[in-house]
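Asks: Sequence:
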Amino acid sequence: MLLAVDVGNTNVVFALFDGQDIRARWRIATDGRRTGDEYATWLLQLLSIEGLDRSDVTSIIFGSVVPRADHNLTVLAQKYFGIEPLIAGQGKAAWNFEIDVEQPQTLGADRALNCIAAHELVGGDMIVVDFGTATKFEAVDYNGAYKGGIIAPGINLSLDALVGKTAKLPRIAIEAPKTSSVIGRNTEDQMLIGVFWGYVAMIEGLIGRMKAQIGRPVKVVATGGLAILFDQKTDIFDVIDADLTIRGLQILAQRAGAT
2 MLLAVDVGNT NVVFALFDGQ DIRARWRIAT DGRRTGDEYA TWLLQLLSIE
52 GLDRSDVTSI IFGSVVPRAD HNLTVLAQKY FGIEPLIAGQ GKAAWNFEID
102 VEQPQTLGAD RALNCIAAHE LVGGDMIVVD FGTATKFEAV DYNGAYKGGI
152 IAPGINLSLD ALVGKTAKLP RIAIEAPKTS SVIGRNTEDQ MLIGVFWGYV
202 AMIEGLIGRM KAQIGRPVKV VATGGLAILF DQKTDIFDVI DADLTIRGLQ
252 ILAQRAGAT
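The opening position of the sequence shown corresponds to residue 2 in this note's numbering, with each subsequent residue numbered one higher.
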């Protein structure tokens, strides 16, 4: 089985692939100081709960936007699984697609993996939207080339800034408003309307501008935990795949001959 690890700024997601199917997935808060031994203590117990042994893992790949975590994950793979891991974007797991921007080396692993997976699974001209700590919009052409994108603050970051910089505004949960009214009758509703509908307006507006600039029919592919939530209130998305980044790792490992 392939163990794919997606290291984001907020969470690290571990997914165990049996062929192309995800057998199990686990999530842990990102901490660049977490050692390989700490990862192993946590992960080996979860494997056991699933009725699996470390010997069932035959290959490991990870993609990371937190450089400090790379060494510790390499230690995890080498020390506890006896495997030399693939690192997304390096060596046998090089991207191997055109990154047509001014500074191609700065493209984050998560963004590159989303482009790979979306091109493989959907194809054609695309806009890929990832709702994470930041919200990223990627323009991918029909050849799979990355043409550029947009980085915006994630909705949780926006809410944290709003609450953290005001004395009396309360912490609220991010959810779809219960009514279609955009005139709130109390403080919490007014905050939810501003954050939620403001974010929907940003998504629709930016995607609309990207479509106009691309000038060809495009599909909009969304991933990240909040994609399903926003999909309830907008018809802007054509495809939603919560596992897009992880699937990009599986595709990259397969191309590298690891699965």
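Some hints could be false.
Pairs of lysine-lysine, DSS-like flavour, derived with a Cα cap of 25 Å [claimed, not checked]:
no.: 1; residue 1: Lys179; residue 2: Lys93
no.: 2; residue 1: Lys234; residue 2: Lys220
no.: 3; residue 1: Lys148; residue 2: Lys220
no.: 4; residue 1: Lys148; residue 2: Lys212
no.: 5; residue 1: Lys212; residue 2: Lys234
no.: 6; residue 1: Lys148; residue 2: Lys93
no.: 7; residue 1: Lys169; residue 2: Lys179
no.: 8; residue 1: Lys148; residue 2: Lys169
Think of the hints as simulated: they come from the structure by calculation, not from any bench.
Asks: Hint by hint, note whether the structure agrees.
Replies: Each hint, compared with the structure:
no. : hint              : result
1   : Lys179 <-> Lys93  : 49 Å, violated
2   : Lys234 <-> Lys220 : 18 Å, holds
3   : Lys148 <-> Lys220 : 15 Å, holds
4   : Lys148 <-> Lys212 : 13 Å, holds
5   : Lys212 <-> Lys234 : 20 Å, holds
6   : Lys148 <-> Lys93  : 23 Å, holds
7   : Lys169 <-> Lys179 : 23 Å, holds
8   : Lys148 <-> Lys169 : 43 Å, violated
In the structure shown, a violation is registered for the earlier hints numbered 1, 8, in ascending order.
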